[in-house]
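Visitor: Each chain, written out:
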Amino acid sequence: MSKKVKVISLMLAFMMMFTACSSSGGSTDGEVSPGEAEGSKEKVTLKIGLPGSYEVTSKEIIDGFIASHPHINVEIQEAPWGDFTSKIATQIAGNTMPDVWFQENATILSYGERGVAEDLSSYIEADLKADEYIDGLFSAKTPEGKIWGVPHGINPIALAYNQDVFEKAGVPVPTDDWTFDDLIEASKQLTIKEGDQTSQFGFIGSFSITNGWFPWIKQAGGSALDDTLTKSRFDDPKTAAGLQQLYDGLDQGYFADIDYLKANGGELEVFASGKAAMYFLQYSLQVNMNESFADTNWDVVKIPKGVEGKRYVPMVANTWLVSSRAKQESKDAAWEFLKYYLGDEVQDIIVKTGSTLPVKKSALDQLKDSTTKPLNKAAFTDGIDEGGVTLDENATWSEWRILVQQVVNEIMVGNVSVEDGVKDIHAKVQDVLDSGK
Amino acid sequence: MATSRIRIPAPLTKGRCVMQKQGYWGYIFTLPFVINVVVFLLFPILFSTYISFTEWDLFNPPRWIGLDNWVRVLNKHEFWVSIRNVFVFALIFVPIQTLMAFVIAFMLNQAIRAKGLFRLFYFLPVVTPWIAGGVVWVWMFNYQYGVINWVLESVGLAPVKWIDSSHWLMVISSIAIVQVWKGVGQSMIMILAGMQNVPKEVLEASQIDGANGWKQLTKVVFPMVTPMVYLVMILSTISAFQAFDVFLGLFGSITTGIPERNMVPNLLVYRDAFLLFKMGPASATAWLLFVIILSFTLFQKYFEKKWVHYD
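Line by line, the protein sequences are chains A and B. Going left to right, the first sequence walks through residues 1 to 437 as the numbering used here numbers them. Going left to right, the second sequence walks through residues 1001 to 1311 as the numbering used here numbers them.
Treat the hints as calculated values from the structure; they're not laboratory data. Some hints here could point you the wrong way.
Claimed, not checked - Okay, derived cross-link-like pairs now, DSBU-like style, lysine-lysine, Cα gap no bigger than 35 Å in a straight line:
| no. | chain 1 | residue 1 | chain 2 | residue 2 |
| --- | --- | --- | --- | --- |
| 1 | A | 141 | B | 1076 |
| 2 | A | 238 | B | 1076 |
| 3 | B | 1076 | A | 231 |
| 4 | A | 352 | A | 87 |
| 5 | A | 238 | B | 1161 |
| 6 | B | 1161 | A | 423 |
| 7 | B | 1076 | A | 87 |
| 8 | B | 1115 | B | 1215 |
| 9 | A | 428 | B | 1076 |
| 10 | A | 423 | B | 1076 |
| 11 | A | 129 | A | 327 |
| 12 | B | 1200 | B | 1219 |
| 13 | B | 1161 | A | 428 |
| 14 | B | 1076 | A | 262 |
| 15 | A | 193 | B | 1161 |
What the hints assert, rightly or not - Chain B residues, not near chain A, derived (Cβ > 12 Å throughout):
| no. | residue |
| --- | --- |
| 16 | 1064 |
| 17 | 1112 |
| 18 | 1124 |
| 19 | 1127 |
| 20 | 1142 |
| 21 | 1198 |
| 22 | 1213 |
| 23 | 1219 |
| 24 | 1292 |
| 25 | 1299 |
| 26 | 1306 |
To be verified - What the simulated footprint calls covered on chain B by chain A, stretch by stretch (three residues with Cβ under 8 Å from a Cβ of chain A suffice, anywhere in the stretch; the number is not a length):
| no. | segment |
| --- | --- |
| 27 | 1051 to 1063 |
| 28 | 1254 to 1264 |
| 29 | 1273 to 1280 |
All C-beta atoms, glycine included, are put in the ideal place defined by N, C-alpha and C.
In isolation and in its complexed conformation, chain B is listed as follows (with noise of 0.2 Å):
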């Protein structure tokens, strides 16, 4: 005859009593922070995941369709070409911001007047709405009557098509410097932080050992910077990939038709999702954005070691 084991739990102790309502009280404070990663991002990222195998406009129950909107979205040339516009875009916006913000803060981390002015004014262009911002580059580029090629024209040099030329490596470059004018104050102002906690001992020692400003930069200050200098280049790659403000500022709006070569993806999510209501191949697109991405983080990831130094 079988004998059942029976377990008897173990009586209470005070501390294990004390654990348990510390525990209650933990999953009670942290419910507000769950639910929202639940219904602000799993509930969306699980539900672009299903929608993008359906059609749906919205409006009708999505019909399941499974990897057709995927082939079609592949299959469509526009969708190549804005991969290649964004990876253009970011390969010509990430390192100028980069160089700039390290150039900018280490100039602005001097002793030097007005330094206060200065970072503000090189921050100034992230709190302006792109609306505004749009509004005043698009007159700089005007082809005709735009101050750049005035003052190209006015040292004898040819005005240039800066964003209605139809070669789109000429109008993405120009809409990366936008990119840039917007974005390196907040490039700046982290660098900068960084710079300012490399502590004046090191300097000075360094100073001691006989190098000067350039060795000091190059190798003092940059190596105690890289943290800051990778995460301005994580952030920057990231913002390039969904760069979409710029271009609807500089080129207006999707329905004044913005030409196939110059789209890249956000815009085309933007389009199908809410102005033709196609959210299975938006979905599919943006999927595929997310792809990219990663990949381009984790390749970026992958060198950390070999420059970024922690220590």
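So that you can see chain A by itself, here it is in the shape it has in the complex (with noise of 0.2 Å):
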């Protein structure tokens, strides 16, 4: 009888063990409740996942909502972002997820295509007035209507200068008036060459997507993909116009290049150094600037027109979604979280913390009166209001942007003709279109 016990004990001792296991996934998961435990019954407990911890989503936002949303358990799940990323999809896959996180907009709106975020639509009709926000509040609006999330916050880039490097070339500073071709010209006046080296770049001849093939693609009248998002425009020779642009610059020797950028501490290092004497910066990056590069002198103006005399912004957004298959009662206390989020004390925060622009209007017009670098942050806010663009985001972006960047590399580097380079890509990109339909 007792060797039986002994038996049983060793086997609930295993199961524990393996229980145990499995629950210990999220070490860094915590909760916290602002109130007694008893009465939690009538309480709602609300999961917040926060990619990137306190570190991305100020951690004074998350005690703010806890503080006056006492019916509301909350429970946070926070991780490095890269960890977040990959275990969200398993925690879908196992029905686990959080009631309420973020993303980027485009795997946002792939969620949402597959059925795991909540339709935003109508929360947002009947407890917010869009008029108070700028269009990025839509950003993971679909062409059918439907919203598949909120913004967490919003980067739009604008053209960095170095003023040092223009007063020591003598080049007037770039304006608000720019123009691409200016920008080119600038580029050229301000490329220092000894011998066979260059020693000072006009500009960073960065080829990621959004501060590099993208806006040059959009300035010269051509896109990504169509209005409709599901044909690809890479077969307009004005997409192609626009990468020649950049290709060009590379290969003339005028905009730094990716071996440069590589050896020598990368893009902010190269701007900041005065190496090269403007950039494409995201506006959260403002705060790396400024941490390791106090001493530099820069400021911004918006990013150049394009070739029909419009400006085109990209903007990439992270989004909140809230899970289709909460208990609507979570769901009801996600968007609680939401509508917190979007109101004027959560978006003042943001205005202080400068790693992303808030979307509410009243908040944005804060910046105007900012003494850090850069001093003009209206180059970002009225950027976006007057041409604020997303990347051509759909369902299948995650898919056709890794191709589309595929091919860029190779054109950038010389491997590929922009020519065939572009024929290449438009087929990859409307196969993809075609096959996520």
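These two chains come separately, so use the hints to put the complex back together.
Guide: What follows is the structure, given as structure tokens:
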């Protein structure tokens, strides 16, 4: 008998060990409750996912929500960005995901398409005044009118310039009236070659999407996809023309290329040290600039105008979504949180952190009085107001974007001609778009 | 009237009772291992087989689509490019790594000064994280500013596009060299262990019989460490076909756009499964890769008896 007890105890111990293993997956999970444990039966539990932990979302925001919503039991699931994003897919598969979390806007769009995200259009219509927000509020809106999330923040780009480099060269600093031709011309003037080597470039010729090939094709009148986001526009000669201009800058040596950037510490280092005079800078990187290169004398203007006099300001967004599989009471609590997040109190906190732009107009207005670099933050805020565009994001964006990037990389290092490259891209992107229907 | 035969169990003897008890405890003690194998090995194997015949995005229930994923994968140009690359990668990496490991192990098995320091030096890359190793090699391979091209140019040779080349063979060869740098230490330790098991008496006897250094190496030492060399070859082959970290370390990230001509199967599996949530094609690719690794290992096993000496 006693041996049986021993055996059963042993088996129980194993079971407990496995149970412990399975529940210890989120070691950083923590439960935060403002009130007493008693009486929590009436409380709603809300699980909030925070990729990047409190480095990306200010703790002040979460604490404020907990304090102002005592009837909601908040459970935080935080992890470094990479860990969170690789874990969340498995959590969704196992139906153990948070009730509300944020990721890149394109990812949220694909979640929406797969039935993971709740359509927030009716919530927004009932509780928010759209005219109090910039258009970026609807970054996760589909052509069919569904809204799969609301922004955690917006990150547009502007043209950053190193004032010391311009002064030394006697070249007038950029203005909001600049066109891309002005940018190219100034880059040529600012480039200093010493024999085979270049000691100073006019511009950083990044060829990633946000501050690289996308603004270049947009300014040339081209685009990645059409307005319906179902047709590739890489067969448009204007798209090819934009890529050609970027390639020419790299090939002729007035744009800093990838080899130079890698060998000299990366884009920010090259710009801050004056080795390149201009740079398409994402708003969030101002924090890094101020932390790591406080002495650099720099500012920003709006991204230059395109060939048709129209300005396109690419912006990337991280987007909150509400899980479509959450209980209705948790969905309601999640929307309470998002309303709070889009309210004045939180939007003001976002302005102070500087890591992203808020979407509420009243909060954006505060940036005009900002005294930190860059002083001309209106280049970002007015820029998105004038010409803010997303990166042609749709449900298959993650897939076709990789394919485009593969070929653009080849074009920019001279392995493939622009003409052949865009043909290849067009066929591949259209294939993905067709298969995603 | 048929009479039924009733089997009367044999009475429990003392010995049989002990056997039963021992068997009972045997099952209990092997239970954790059995659970581990079933949960973390058998189930994933069976599940991934099933998934390879379905359309599954992780979020919605899998939908049976028969052989579609297999057909689609086999019809994709990038899959065959990746297979070509991984074969060439293995053909470059495995012989170089094995040969270098053998030579280094032989040298470090001699009576030389600071032997321990050299062993540490050669083993250091094994414990260097790929992130750090990748950054160093990317810098060394830099076309315009890299140290390798600087050396080439300083002796009058033209710089080479190592990992940015439009020729896939150059890129794959360069990456294979990096993999050798990372893995040679581990292989060297294994062969060194084999060499240290070669009895001194045998070596002394061969010397008395007139074997010089080269003959001793090829006719005495090598045959006696062939089991270790064979093991190193098998492990290197498997690691070559499973190459993933080295490619990510040198190319950065799949989202930054690794050219199709430089792809290997594991990059495709990772991209399809965890970036695009296409678990079906990812599972089919993984199974095809398994078949290739198995075939290659069996091929090596076939020739084992011809050159590996266990006596």
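Visitor: Confirm or reject each hint.
Guide: Outcome of the hint check:
no.	hint	verdict
1	141/A / 1076/B	holds (33 Å)
2	238/A / 1076/B	holds (30 Å)
3	1076/B / 231/A	holds (22 Å)
4	352/A / 87/A	holds (30 Å)
5	238/A / 1161/B	holds (31 Å)
6	1161/B / 423/A	holds (25 Å)
7	1076/B / 87/A	holds (29 Å)
8	1115/B / 1215/B	holds (23 Å)
9	428/A / 1076/B	holds (12 Å)
10	423/A / 1076/B	holds (18 Å)
11	129/A / 327/A	holds (26 Å)
12	1200/B / 1219/B	holds (15 Å)
13	1161/B / 428/A	holds (27 Å)
14	1076/B / 262/A	holds (33 Å)
15	193/A / 1161/B	holds (22 Å)
16	1064	holds (18 Å)
17	1112	holds (38 Å)
18	1124	holds (24 Å)
19	1127	holds (22 Å)
20	1142	violated (5 Å)
21	1198	holds (44 Å)
22	1213	holds (44 Å)
23	1219	holds (49 Å)
24	1292	holds (24 Å)
25	1299	holds (33 Å)
26	1306	holds (43 Å)
27	1051 to 1063	holds (count 4)
28	1254 to 1264	holds (count 7)
29	1273 to 1280	holds (count 4)
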